[in-house]
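K.L.:
With the hints as your guide, set chain U onto chain B.
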Amino acid sequence: MDAHAAQHAIAATPAFSSQPEDLAWFILLLPLIAAASIAFGVRRSSFLSSTLSISATVVAFFLSIALFLAFGVGGYPAVTSPFNWIHVGGLQVDLGVTVDRLSVLMLLIVTGVSSLVQIYSTAYLKGDPGLSRYFGSISLFTFSMLGIVLADNLVMMFVFWELVGVSSYLLIGFWFDKPSAADAAKKAFLTNRLGDFGFMLGILVVWSATGSVQFTQIGNVLGGNPGALGGLASIAGLLIFCGAMGKSAQFPLHVWLPDAMEGPTPVSALIHAATMVAAGVYMLCRAFVLFQAPGAWPAHLWFLGNISALDIIALIGGFTALLAALIAFQQDDIKRILAYSTLSQLGYMVMAVGCGGPDAAMYHLTTHAGFKALLFLGAGAVIHACHHEQNIWKMGGLWKRLPITFRTFVIGTAALAGFPILTSGFYSKDAILVAALDGGHPVLFGLGVLVASFTTFYMLRLVIVAFFGPYRSEAASHAHEAPIAMTWPLITLAIPSIAVAWFGLGDYLSSHFNPHFHAHEGGGLFGPFNHAPLAAVFGSGALLFGATAAFGLYWGADSDPLPARLGLLGRAMRNRFYFDEIYEGIFVPMHDMLGRLFGAVDRWVVSGLGIRGTHGSVELFGRALRLLQTGNLQTYTFLFAAGVAVVVFVATK
Amino acid sequence: MNYSLLSLEILLTLLGVGVLLGDLWIPASARKLIGYGAATGAGILLTYAIGSGAPADGTAFGGLFVVDALSNYFKGFFLLAALVVLLLTVSQSDTIKGYAEYCALILFATVGMLFAASANDFVLMFVALELITVTFFVLVSYDRNRSGSLEAGVKYLIMGALASAFMVFGIALIFGSAGTTNFYEIAAHQSTLAKSPVFLIGLLLTLVGLGFKIAAVPFQMWAPDVYQGAPAITTAFLATGSKAAGFALLLRVAFSAVPEITAHWSRLFLVMGVLTLLYGSFCAIAQRSVKRLMGYSSIANAGYLLLGIAAVSLNGSTAVLTYLGGYIFTVLAGFAVISAIAAHTGSDDVSAFAGLGQRSPILATGLTVSLVSLAGIPPMAGFFGKFLLLKAVAAHAGTERFFLVALLAACVGVVISLYYYFGVIRSIFWPRSVADLTVIPVDGATRLALILSIAGVFYIGIFPNSLVVGARQAAAGLAPQTAVAAKAPAAPAHH
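These protein sequences, in sequence, are chains B and U. Read in order, the letters of the first sequence are residues 1175 to 1827 in our numbering. Read in order, the letters of the second sequence are residues 128 to 622 in our numbering.
Do not rely on the hints blindly, as some may be mistaken.
[As the list claims (entries may be wrong)] Chain B stretches covered by chain U per the calculated footprint, using a threshold of three residues with CB under 8 Å from any CB of chain U:
1. 1231 to 1243
2. 1364 to 1373
3. 1376 to 1384
4. 1715 to 1726
Please keep in mind that the hints were generated in silico from the structure rather than gathered at the bench. Glycine included, every Cβ here is placed at the ideal spot set by N, Cα and C.
One chain only, chain B, in its complex shape:
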């Protein structure tokens, strides 16, 4: 049987002909080959492992550029190249790649950031005994992430979705001798799985309603009949969104992301800034057609009226953006500030999708991938220089000691804050604010402006405290610039943080989602001020406001003046609004209680007086066994007979 099917699969695999989409298969498989070779071959040599992994990713990056030129710029029509994976009766799932403007852009981001992060890691993790394992896991991760990007159907996407979860589990838990790292890895994995179950149910609902899991086919079905999802339209959308909620860490599943900072810093840059957390947003954009169906609910949820899934998504995104920005105000750990900032920016993107602007969301995803990876890698350089000190109040004065890191970090901060005209972040943030206005969500627009000013505030707080003022610790005064393998990835990433928006990326994405799109009159660098002045002016104003506040409060400050002014609110912010405590207070005891309840029943049924579990002496064990054998079998047989009676009664009733 096996040979038969394998033959079938091989025969169906597209041969590498001159078709450009076949390149996509090759890009996808390169990191997998690297991962497999590391795992089964060269894992004893960390040098070979890193070289292999880096070269595979870099080659994949250059091939992605070729694809980008062909499909993105060259105007090749979008293609999919499926081959049969499962074809049985009514069940049909193909394994296929989609190559279009959206996926080639993502390919560039993933392979590009992954290459830089890996190069950076060779210096950052120099001498770590687990280096081969690290590069093997990162190759596996890159493969999985590329799979999500290229998948042309929901089931395949789900499979790679899970693979991403597994490989990130390995990476977050890389320093497994730290119990906190192992805990964080487990927390990330479990929280993600919670969302994934919603995702899976959503796939099942879409599948039964439209008869397909393939994106273009679903699009065709919904295009012909927008009501094809019936009363389940909103629910299906929300279930699919559950997946994004886990991966992109949206409220209330956001708790795993800050803890995941226990992994090595380059991992945070790759996974928690540029790629994995972006997967949720990417998936929403890829499956956007599902969300365009008019909102509808099952009959007994009539009171929800015609609220669509998108409305709820926009609210959750906006709320996450605000919540995370507030928490970031009062964090002292440099990586945690960036983590909450990432949460907040992801909320921004999700809000954009919810407002009906997937192009704006993808735009921000792209620019954010660049500058947030830059910020994380910069933070890594700072931590590296300060001997693994992560508290910003123990840094200070670093602008003199780490000139390159400082300059690139400031560029990243400016981009994140959305400094007008000069940075890419300005344009993408503006696109989101415009989407909120155009989508008829003035409240979310206001919230977006507020979050923008908060963002500027907490980022400048970080820069001022960590890089200016006096040296606040011994480590800071002896800090010195990172090696070149770490600095030039920073410099490379600084370029797109400035320049990515100059080449009409916004129009590129808009024309993907809307074939009738025409570039705005009077585009160019000052475009935002011309065609949507309200958003651009408010965005810039927010920046100014946030910057003024940050300079006023923190320039020359020795300690944080904010807690005194904020009082109770400040404490709540500092403690992340007690989410972890609340979850611990609700879920863990519930879990424990259920476990204990079942355990007690079980113990009563199974081991009489609860001797199992105690590690008693042999004699005690022997006595207990005697006790078990008489007492328990009777209980067993009694329960068995009672079970028979119940089953017969229920079935014949």
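P.N.:
For chain U alone, coordinates are given in the frame of chain B:
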């Protein structure tokens, strides 16, 4: 009568007898040869069964015994399980007292499973089940020096006897009311029989016996104790072969003999399934013994499988068969590791697995793959079975609220299961306290068994098509009207 239909059963019995006789001539120092010989024999039969040697469809003994897509599907897996389990015994050929008998008993139990896969009559079903159960009484208590093993044996004996008693009583009632015990003949009269309370009670009592085999709530009490107490190799076979045999019979009774009544009882299966999977999942949380954990996991998995039966659809049955196929590989990989650890450290406590990642990478990989697959994570075999099962259940969820509840319960069960499966994985790679880091030696036979199972888990996970095609053919053959007619010989790509 066409005896070639029974060729597998006959040859396997001869192999078992041969093993017993071989023990008389093979010197004690070369005892390993017995295990290798038995495993090779099972391997040859396996290739024969899934290759061109598979008997064409037909019936023997006046309809008592049937060979069809379903029986061929299961027989391949039973032989595979026997092969892997026999390979696992080789490393312990010196410590198992009465090694040849142990191997022979495994082979005889397998014969019982083969008969179970082909049983088309309540009487043959009972005989086949007894052959399995009675050999397992001995296999479970084989570790005679350990009171835990003896205790498990006695428990299994008494509970098994109780279940058999109910079952044989049920069969008597069925015969009394229907006048026949043949599945097809019962199927022909099922609409009149469905009105007879005596028949229904008889049928239910028969199902109780099967419920015992698959460890479904409320007949699951024995499973954790027996799984924990029995020698690890026996547990491996109990969790795969014996359980799959129970499901083979359950599928046949439910869909070949009384499909209309099954459709009527769909909700009963559903409730049992939900209770079973929740019971298994919750009880597993607190476990420290990995064997016991696997016992609860086995209960939980029976629950998922029952949901597929409750769906009463071709997709549901296909999902059950696919799930079982992946499950067998998965569990074999897990127990290959557990038995190696138990033999080396004498313990199956989670702490015995601490730092396994450093002590033996191959054992660590095997157990991790197994647990990840059990948790239903792609691209392992366990994912696809679970996915198809949930899909079959979801197909009814829109119209029937019971199924929606079952779907949610299944999700809860899966999420909980992650918690305890990953607890073990964590201890393998990230031990809290590293005790002993000496290398654990793994012999060639165990290595082979492990590689075979791991390869199966990945193959099914990555190319599920081959398995699903076979499962669907097998499930389609369950319908009574099509099964009677002589069908075209099935393609060799069955399993």
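K.L.:
Each hint needs a verdict: does it hold in this structure or not?
P.N.:
Verification of the hints:
no. : hint         : result
1   : 1231 to 1243 : violated (count 0)
2   : 1364 to 1373 : holds (count 4)
3   : 1376 to 1384 : holds (count 4)
4   : 1715 to 1726 : violated (count 0)
Hint violations for this structure: numbers 1, 4, all remaining hints satisfied.
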